[in-house]
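So you can see what is in the structure, the chains are spelled out below.
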Amino acid sequence: MNETDLAYMSIAEQAALIEKKEISPVDLIQIYLDRIEKWDGVLHSWITVCGERALKQAKAAEAEIAKGHYRSPLHGIPFGAKDQITTGDVPTTMASIIQPDFGEGMTATVVSKLEDAGAILLGKNNLHEFGKGSSVNFHFGTPKNPWNLEREPSHSSTGSGISVAAGLVSTSLGEDTGGSIRGPAWANGAVGIRPTFGRVSRYGGIMYAWTQDTIAPITRTVADNALVLQAIAGHDPQDPLSSDRPVPDYATHFTTDLKGVKLGLVREMSVGRELHPDVDRMLKAALDVLKSLGATIEEVSLPKAKYAIPLQFLTSDPEVASIFVRKWLRTHYDKFDVGTRTRLAAAALVPATLYSRAMRGRALVRNEILRAFKSYDALVTLMNFVPPMKLEDSVEKIDNKEDIATRMFKSRRICTYPFSVANVPAISVPSGFTDETVPMSIQIAAKPFDEITMYRVAHAYEQATEWHLRHPDLEKTVGPALDRAAVKMAGE
Amino acid sequence: MELSKDDVRNLAKAISLDIPESDLNTVALRLSSLIELMEQIEHDLGDEMDKTDPIPPVYPREEF
Numbered sequence: 039m040n041e042t043d044l045a046y047m048s049i050a051e052q053a054a055l056i057e058k059k060e061i062s063p064v065d066l067i068q069i070y071l072d073r074i075e076k077w078d079g080v081l082h083s084w085i086t087v088c089g090e091r092a093l094k095q096a097k098a099a100e101a102e103i104a105k106g107h108y109r110s111p112l113h114g115i116p117f118g119a120k121d122q123i124t125t126g127d128v129p130t131t132m133a134s135i136i137q138p139d140f141g142e143g144m145t146a147t148v149v150s151k152l153e154d155a156g157a158i159l160l161g162k163n164n165l166h167e168f169g170k171g172s173s174v175n176f177h178f179g180t181p182k183n184p185w186n187l188e189r190e191p192s193h194s195s196t197g198s199g200i201s202v203a204a205g206l207v208s209t210s211l212g213e214d215t216g217g218s219i220r221g222p223a224w225a226n227g228a229v230g231i232r233p234t235f236g237r238v239s240r241y242g243g244i245m246y247a248w249t250q251d252t253i254a255p256i257t258r259t260v261a262d263n264a265l266v267l268q269a270i271a272g273h274d275p276q277d278p279l280s281s282d283r284p285v286p287d288y289a290t291h292f293t294t295d296l297k298g299v300k301l302g303l304v305r306e307m308s309v310g311r312e313l314h315p316d317v318d319r320m321l322k323a324a325l326d327v328l329k330s331l332g333a334t335i336e337e338v339s340l341p342k343a344k345y346a347i348p349l350q351f352l353t354s355d356p357e358v359a360s361i362f363v364r365k366w367l368r369t370h371y372d373k374f375d376v377g378t379r380t381r382l383a384a385a386a387l388v389p390a391t392l393y394s395r396a397m398r399g400r401a402l403v404r405n406e407i408l409r410a411f412k413s414y415d416a417l418v419t420l421m422n423f424v425p426p427m428k429l430e431d432s433v434e435k436i437d438n439k440e441d442i443a444t445r446m447f448k449s450r451r452i453c454t455y456p457f458s459v460a461n462v463p464a465i466s467v468p469s470g471f472t473d474e475t476v477p478m479s480i481q482i483a484a485k486p487f488d489e490i491t492m493y494r495v496a497h498a499y500e501q502a503t504e505w506h507l508r509h510p511d512l513e514k515t516v517g518p519a520l521d522r523a524a525v526k527m528a529g530e
Numbered sequence: 238m239e240l241s242k243d244d245v246r247n248l249a250k251a252i253s254l255d256i257p258e259s260d261l262n263t264v265a266l267r268l269s270s271l272i273e274l275m276e277q278i279e280h281d282l283g284d285e286m287d288k289t290d291p292i293p294p295v296y297p298r299e300e301f
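Line order of the protein sequences matches chains P and E.
For the first sequence, my numbering begins at 39 and goes up steadily by one.
For the second sequence, my numbering begins at 238 and goes up steadily by one.
Just so you know, the hints here were simulated from the structure itself, not pulled from any lab data.
Some clues are possibly wrong.
Each computed BS3-like pair below joins lysine-lysine, with the alpha-carbon atoms no more than 27 Å apart [unchecked claim]:
| no. | chain 1 | residue 1 | chain 2 | residue 2 |
| --- | --- | --- | --- | --- |
| 1 | P | Lys439 | P | Lys76 |
| 2 | P | Lys58 | P | Lys105 |
| 3 | P | Lys365 | E | Lys242 |
| 4 | P | Lys373 | E | Lys288 |
| 5 | E | Lys242 | P | Lys58 |
| 6 | E | Lys242 | P | Lys373 |
| 7 | P | Lys365 | P | Lys428 |
| 8 | P | Lys365 | E | Lys288 |
| 9 | E | Lys288 | P | Lys412 |
| 10 | P | Lys344 | E | Lys250 |
| 11 | E | Lys288 | P | Lys439 |
To spell it out: a stretch of chain E is covered by chain P in this simulated footprint if at least three of its residues, at any positions, have a beta carbon under 8 Å from a beta carbon of chain P; those stretches are [claimed, not checked]:
| no. | segment |
| --- | --- |
| 12 | 242–249 |
| 13 | 254–262 |
| 14 | 265–273 |
| 15 | 276–282 |
Please read these numbers as outputs of a predicted model, since none were measured by experiment.
Heads up, the beta-carbon is just placed ideally off N, CA and C, and yes, glycines get one too.
Sequences and hints are given; from them, build the entire structure.
Right, dumping it as structure tokens:
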């Protein structure tokens with residue numbers, strides 16, 4: 039077993055080796071630190087790497103395990119956190135240059151829970167500034183897709199998706215308001231979920247879209263994802279909107295078949311749209327796999343889904359802007375990226391009447407989705423109608439009205455926002471590759487608090503395929519860029 | 238609804254936000270687009286929206 043194999047292992051596999059003392063958490067952390075040093079100068083998936091802190095904790099974990107005190111399958115497992123999730127003494131930059139640390143000493147409940155389970159914070163992952171997906175320029179380097187540097191790595195929890203997919207950490211916590219976890223999982227070939235709103239505490243996340251923000255993991259397998267969610271879910275007195283419903287044991291519900299499971303294929307988020315040939319091929323193959331596992335699949339129409347994008351922009355963005363105007367937009371306007379500040383400024387000017395009307399619209403979208411769950415155990419959609427775009431095409435053209443309108447109705451957002459405004463759980467699962475070896479995914483959604491079914495369908499599908507076993511060959515995809523950088527430095 | 242740069246400047250003034258001249262056109266485009274899209278939603282769903290309460294973040298007594 040070489041270091042690359044260890045880096046790409048699932049948490050479950052790494053945990054088994056740690057528990058048997060066949061590898062030390064110190065070794066695992068060091069492998070990731072070495073890989074970050076080698077590759078992240080190009081990938082830009084990290085803003086802060088707290089190597090010394092992590093190694094110190096790894097030594098403590100090693101000693102604890104040696105004494106027979108093995109806390110959980112996360113003991114000694116390294117994790118990253120999107121740099122808008124507070125982490126105590128490790129700064130939270132929000133990918134902004136307004137101030138060096140927005141964390142004010144807070145530690146997010148999700149981070150505390152992972153650390154209580156024995157997991158070790160490796161660092162903070164790069165993101166679109168303030169978690170808004172509209173950055174034009176990145177203050178901490180432009181994140182790159184490890185499969186193909188010319189393709190987008192998607193928006194917001196971008197560094198979390200890249201670092202997990204590139205084998206630079208075991209898992210990373212992201213934040214999903216509209217699709218900010220599922221998008222980077224899709225583009226980089228990882229597993230990412232948006233949990234039911236209220237399933238996971240939001241305390242300590244600097245987010246502010248208080249009706250829609252969620253925190254959850256990006257992982258390399260579905261089982262790993264369920265494992266991490268299991269550790270961070272549950273009621274938190276510091277988040278009054280967190281649910282006190284019991285957290286089920288997700289893994290005990292995994293099955294290798296889907297007999298008796300009824301799936302609804304959402305027309306407007308799949309076959310009802312013009313699909314890229316590679317996506318069309320992938321979807322047909324994925325549906326065949328689901329059917330072969332015993333699931334029945336019918337097409338279902340959600341005509342109101344198309345309103346989800348503007349409804350989110352008219353509700354969650356003003357919620358965010360209401361905080362930003364007072365705290366930073368009035369005083370530090372020119373220190374924001376132009377894409378972020380013009381999006382927030384527009385959101386700040388949305389009249390309260392429109393906000394309230396849009397919240398009524400969101401209720402209608404949600405009701406339509408909940409009605410579908412009366413007939414289907416889970417809904418299946420694409421994560422996008424096209425593969426990850428060329429990097430330059432993925433950046434918003436902020437002075438072009440047609441581009442703004444296109445992004446409202448034709449972008450990847452139409453596949454993720456409906457479940458976001460409805461606050462139901464959804465997961466992005468790797469489902470194939472384009473001819474250019476860029477990842478693609480399907481999405482599985484379930485009714486509120488039914489992460490069991492969402493995970494069960496996703497896990498059975500994953501285990502019947504081999505997509506999760508493929509990892510980017512960084513020597514081929516990133517190596518040439520390292521060589522170019524070295525040549526440039528030598529010539530300077 | 239096509240908002241002008243002056244419209245945006247005045248709206249921003251109401252919340253003490255000083256948007257520089259170089260950004261006014263982009264903010265006007267973004268806000269105009271949102272308002273136009275909401276007009277379309279009102280056209281399609283307005284009557285239903287009148288009969289629906291705004292979405293609460295959680296539904297504590299709802300059975301799914």
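Of all the hints given earlier, name the ones this structure violates by number, lowest first. 1, 4, 5, 7, 8, 10 and 11
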